[in-house]
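> Go ahead and model the full structure; you've got the sequences and the hints to work with.
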Amino acid sequence: MPFDSLSDFLHMGGYAFYVWLAYGVTFGSLGILVIQSMGQKRKVLTEIAKKIQREEHLKENRSNK
Amino acid sequence: MWKWLHSYADPERAYNLSGKLLPWFAMLAIALIGIGSVWGLAFAPTDYQQGDSYRIIFIHVPAASMSMAAYMGMATSAFIGLVWQIKSADWAAAAIAPIGAVITFIALLTGATWGKPMWGTWWVWDARLTAELVLLFLYLGVIALYASFEDKVLAARAAGILAIVGVINIPIIKYSVEWWSSLHQPSTIRITGQSTMPTEMLYPLLINILGFGLMIGAITLIRFRSEVLARNSMRPWVRTLAKAQGVK
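Listed in order, the protein sequences are those of chains V and L.
Residue 1 is where the first sequence starts when you use my numbering, and the numbers rise one by one after that.
Residue 1 is where the second sequence starts when you use my numbering, and the numbers rise one by one after that.
Each hint should be verified, as a subset may be incorrect.
If the Cβ cut is set under 7 angstroms, some of the chain V residues that face chain L in the computed set are [said to hold, decoys possible]: (1) 6; (2) 10; (3) 13; (4) 40; (5) 50; (6) 53.
Simulated DEER-style distance windows between Cβ atoms [unchecked claim]: (7) 59(V) - 168(L): 50 to 56 angstroms; (8) 3(L) - 42(V): 34 to 40 angstroms; (9) 7(V) - 197(L): 43 to 49 angstroms; (10) 3(L) - 6(V): 55 to 61 angstroms; (11) 28(V) - 182(L): 26 to 32 angstroms; (12) 52(V) - 3(L): 34 to 40 angstroms; (13) 35(V) - 200(L): 32 to 38 angstroms; (14) 24(V) - 10(L): 50 to 56 angstroms; (15) 38(V) - 124(L): 36 to 42 angstroms.
In short, the hints are calculated from the structure, not lab data.
Built from N, CA and C at the ideal position, the CB exists for glycine as well.
This is the structure:
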């Protein structure tokens, strides 16, 4: 292992800012992408459910007349 | 012989199959990226020239190579959708585009944070860097085209043509460091012959490349499933799913 201690590891041989910026932005943007992608399914299904509800509403009102 | 493949063009079967594949892709991707990143960050030896700044390579090279691989995947899907009129292929292409854009952004950003300490600049209008930036714009163009038509069959055709034409950019990125004198270093991994990198650095890099590939696969499956649902909202099986989900 090239590092002696945790602070040595975090220091990254003086390149801490660049290395952690790269890793931070990478995993941050990947996280946002994954969360946004996983939320899509629920959004799509809710939208379809709303549409079905509207259609059923229309049908009911028509048969009442 | 290959006719069984056709049955998976059916939206419901494609949806179910991708749901079955998803956990495997996701688990393997998380495991590999976890191992590769920790290995690369904490255990790989320090580079004798670049010090510890070189550790950015363990995400930069996977992101850059997979940004091109994902583009080829997207263009291939778009081509299948255009030529054989297989809608599932169009939806797969639409699912890959935003992922490719994020991966390309990561490749550019990690390149900049590596370039600053090593070259002394965040950015140069160098052949390799500029071509990769064009790749980002191609992804954004495909996303924008697909989003701008209400009729998604037409949208997929327009976006698909752009995706296929844009393939010309891939060999330009790949060979830019050989064709033009570039600030960017040439590739260190050789598929044939000796890689110009010690194995203690090469293994975590290869693990992360594989991990990034599988991660793109996993996110593609997630987005593909939503795309299938959105495009098949009139089908009974989707309506059953929607009713189970309910209105929130």
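> Are residue 3(L) and residue 6(V) spaced within 55 to 61 angstroms by their CB atoms?
holds, 59 angstroms
> Does residue 40(V) meet its interface restraint, that is, does its C-beta lie within less than 7 angstroms of any C-beta in chain L?
holds, 4 angstroms
> Is 50 to 56 angstroms a correct range for the gap between the Cβ atoms of residue 59(V) and residue 168(L)?
At 53 angstroms between Cβs, range holds.
> Please verify that hint: residue 6(V), Cβ, nearest Cβ of chain L, below 7 angstroms or not.
Violated, about 10 angstroms.
> Using Cβ atoms only, decide whether residue 10(V) comes closer than 7 angstroms to chain L, and label the hint accordingly.
violated, 10 angstroms
> Does the Cβ distance between residue 3(L) and residue 42(V) fall inside 34 to 40 angstroms?
Given a distance of about 35 angstroms, which is inside 34 to 40 angstroms, the answer is holds.
> Taking the least C-beta to C-beta distance, is residue 50(V) closer than 7 angstroms to chain L?
holds, 5 angstroms
> Closer than 7 angstroms between Cβ atoms is the bar; does residue 13(V) clear it against chain L? Give me holds or violated.
holds, 4 angstroms
> Can you tell me whether the CB distance of residue 38(V) to residue 124(L) sits inside 36 to 42 angstroms?
Since the Cβ atoms of residue 38(V) and residue 124(L) sit about 37 angstroms apart, the hinted range of 36 to 42 angstroms holds.
> May I ask you to test the hint 34 to 40 angstroms on the CB atoms belonging to residue 52(V) and residue 3(L)?
holds, 35 angstroms
> Should the hint that residue 24(V) and residue 10(L) are 50 to 56 angstroms apart at their CB atoms be regarded as holding?
With Cβ atoms ~42 angstroms apart, the hint is violated.
> Have a go at the residue 53(V) hint: is there a Cβ in chain L nearer than 7 angstroms to its own Cβ?
Residue 53(V) check passes; min Cβ-Cβ to chain L is 6 angstroms, inside 7 angstroms.
The structure fails hints 1, 2, 9, 14 (numbered hints given earlier, in ascending order).
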